[in-house]
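Here the protein sequences line up with chains A and B, keeping their order. This note's numbering numbers the first residue of the first sequence as 1 and each following residue consecutively. This note's numbering numbers the first residue of the second sequence as 1 and each following residue consecutively.
No lab work stands behind these hints, which were simulated from the structure alone. Everything numeric in this text was worked out from a predicted model, so none of it was measured. Treat the hints with care, since some could be wrong.
What the hints assert, rightly or not - With a straight-line cut-off of 30 Å between C-alpha atoms, the simulated BS3-like cross-links for lysine-lysine are: (1) A:K261 x B:K88; (2) B:K161 x B:K88; (3) A:K353 x B:K88; (4) B:K91 x B:K121; (5) A:K261 x B:K121; (6) B:K88 x B:K121; (7) A:K209 x A:K52; (8) B:K91 x A:K274; (9) B:K152 x B:K121; (10) B:K189 x A:K52; (11) B:K121 x A:K363; (12) B:K161 x A:K209; (13) A:K209 x B:K91; (14) B:K121 x A:K274; (15) B:K91 x B:K161; (16) B:K121 x A:K32; (17) B:K91 x A:K32; (18) A:K363 x B:K152; (19) A:K353 x B:K161.
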Amino acid sequence: MERRDFMLACGSCGLSAALAGQTLPERLPRPKLGSKEGGLWALCDRQEERLKQSPLRLQGPLQDYVQGVACRLARDHCPDLRVYVMRTPYFNASMAPSGMMQVWTGLLLRCLNEAQLAAILGHEIGHYLLRHGLEQLKSAESRSAFATVISVVPLAGPLVGLGALAGGFAYSRDHERAADRMGLDLMAGAGYPPMEASRIWANLLEELKAEADWSGDARKGSVLFATHPAEAERQKTLETLAAGYDAAGRDAAPGPLALAKAPFRQQWLEDELKRRKFGESLALLTRLALHDPRDGLVCFFLGEAYRLRGAEGDPERALEACARAADLAGAPPEVHRSLGRLHRRAGRPKEMKDAYARYLHLKPDAEDAGMIRSYLEEP
Amino acid sequence: MRVRIWIVPALLLFTACVKPVTWVGVQALPLELPGHFTVTGDPAFNRLEGGDPATYDAWWTANGASLDLLRFHTGVASGQPLIRSAAKATKATAVFQARMQPEEIVELYESYLTSSGSTFKLDRIAPAPFAGGNGFRFEYTVIRKADDVTLKGAGYGLVRKDTLYLMTFQAPRLHYYASLLPKVEAMAKTARISD
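Please model the entire structure based on the sequences and the hints provided.
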């Protein structure tokens, strides 16, 4: 297929999808290697090979689960989509025109049910079906940006580099809106309640506001990359559009997502707190604690967020949350280590030693056992 | 036109005043770093010279900073950012507090290393002598987000008179870490703080 025919096919299939709602375009064959699009596919393939080898890639049942949700949304296009779950604590997913999709763990952590995950995946699949990546890559700037993604090997650097790695494509706001619309169609077609799409953005807005209230700067190092339409506008638009779908008989499916995330939640929550965006993290953890007040792991990390933030009154809040978590199912042994640290700082040696001894009892081979034993030997 | 005439001498003056930041070889001699901290260097390493000590921590490397990196965060007073930077500190900045326990200092360092999306795993931390005091030593593993390389790291720390002295080394797990760690350990043993 020549480039012109290829682009016409792309444009018409996107149009048909947008107009027909549930009617998806036909699968697109891989472009010839000699064409401009074929060259771009080759670039995408190189990036995909890197993703496949990455130690940050999470495979196994979680990967299968997310791929399954993508397939449920994309239906006949499923064989063309390949989802890669990457351990990175930011809210991001990206889609290359070749069908390679990245989903970052900071996003999975924030989805309360499968429908919210489907909202994000549906949006990214919308970019793919509407061929937005190709349109973007027609410009020299975007090709350069994507080439940078592939060749970039900086030192541990600023978030600018991380933003480049997020996908390399900065879609226009019109593209983002069209993908949102397509995403809602795909959600509805797969039986999910489309209203969950606006809820996930409302939750992000809450986090951004909490960060602005705490640090005065919601953007620097934010969990959200600024490549999307203004979040408030987007949330309202999604809410309005979702109201047009029949809500009856739809299932947000919280159970399967919770099951898939369970083995990773502690690691992802640890990664979340290392960002030191305590306004965002506390809003997230408070939301998760409200979702399940008996969740010992979330209660522990709520305490950890206060302990690490260390503002006035935070040690007391941390102590209260950790003490509560210690009595709940799901709290890790580290909750006793945190209690030990808090008691030590407050000058309560007996309580400190009791908590540290409990920690070592539960985790005798802990990486910090040598340090903890030295505290137990203090007079 | 008069303005243009002054541009050339102004540029020459500017060039003469600004000292370029460059790598220079490390000598096997005691070298003083901020906070009256001295360490005897190993000639296998090079150090970055010319930066403002107020805004740059000392960086040393043997093969290039992406292959091995030895960092010194010394003379950090309580309430100061762990990492010296020209950027204005925010509430998210990792700030050292004298009351912190060694594991909490490592948590601060961890947040610095992971700010680019890299992962960090603490492998071990235990009390250890450092710079003439009862300090601590830790080991860690990092997966660098930028290039997916797995790095191993070792750090040595001491809090003395409410001031932090931290020396860290990291390099790719394959070859570089194991080949350079003995030299780093030997240098760590020469660390001293003078009053």
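Does A:K209 lie within 30 Å of B:K161 when you go C-alpha to C-alpha?
39 Å, violated
Between B:K88 and B:K121, does the CA-CA distance stay at or below 30 Å?
28 Å, holds
Going straight from one Cα to the other, do B:K161 and B:K88 come out at no more than 30 Å?
Holds - the C-alpha atoms of B:K88 and B:K161 are around 26 Å apart, at most 30 Å.
For the pair we were handed, B:K91 and B:K121, check the Cα-Cα distance against 30 Å.
Status holds; Cα separation ~24 Å.
Is A:K363 close enough to B:K152, meaning Cα to Cα at most 30 Å?
23 Å, holds
Hinted pair, alpha-carbon criterion (30 Å max): B:K152, B:K121. Please report holds or violated.
10 Å, holds
With the threshold set at 30 Å, check whether the alpha-carbon distance from A:K353 to B:K161 stays at or below it.
Holds - the C-alpha atoms of B:K161 and A:K353 are around 25 Å apart, at most 30 Å.
Sort out whether A:K52 lies within 30 Å of A:K209, counting only the CA atoms.
36 Å, violated
Within a Cα-Cα threshold of 30 Å, do B:K91 and A:K32 meet the stated pairing?
52 Å, violated
30 Å Cα cutoff - pair B:K121, A:K274:
With a Cα-Cα distance of about 12 Å, the restraint between B:K121 and A:K274 holds, given a limit of 30 Å.
Check whether the Cα positions of B:K121 and A:K363 lie no farther apart than 30 Å.
Distance ~16 Å between B:K121 and A:K363 Cα, so the pair holds.
Against the 30 Å threshold, does the CA-CA distance of A:K353 and B:K88 hold or violate the hint?
39 Å, violated
Violated hints, listed in ascending order, are 1, 3, 7, 10, 12, 16, 17; each of the other numbered hints is respected by the structure.
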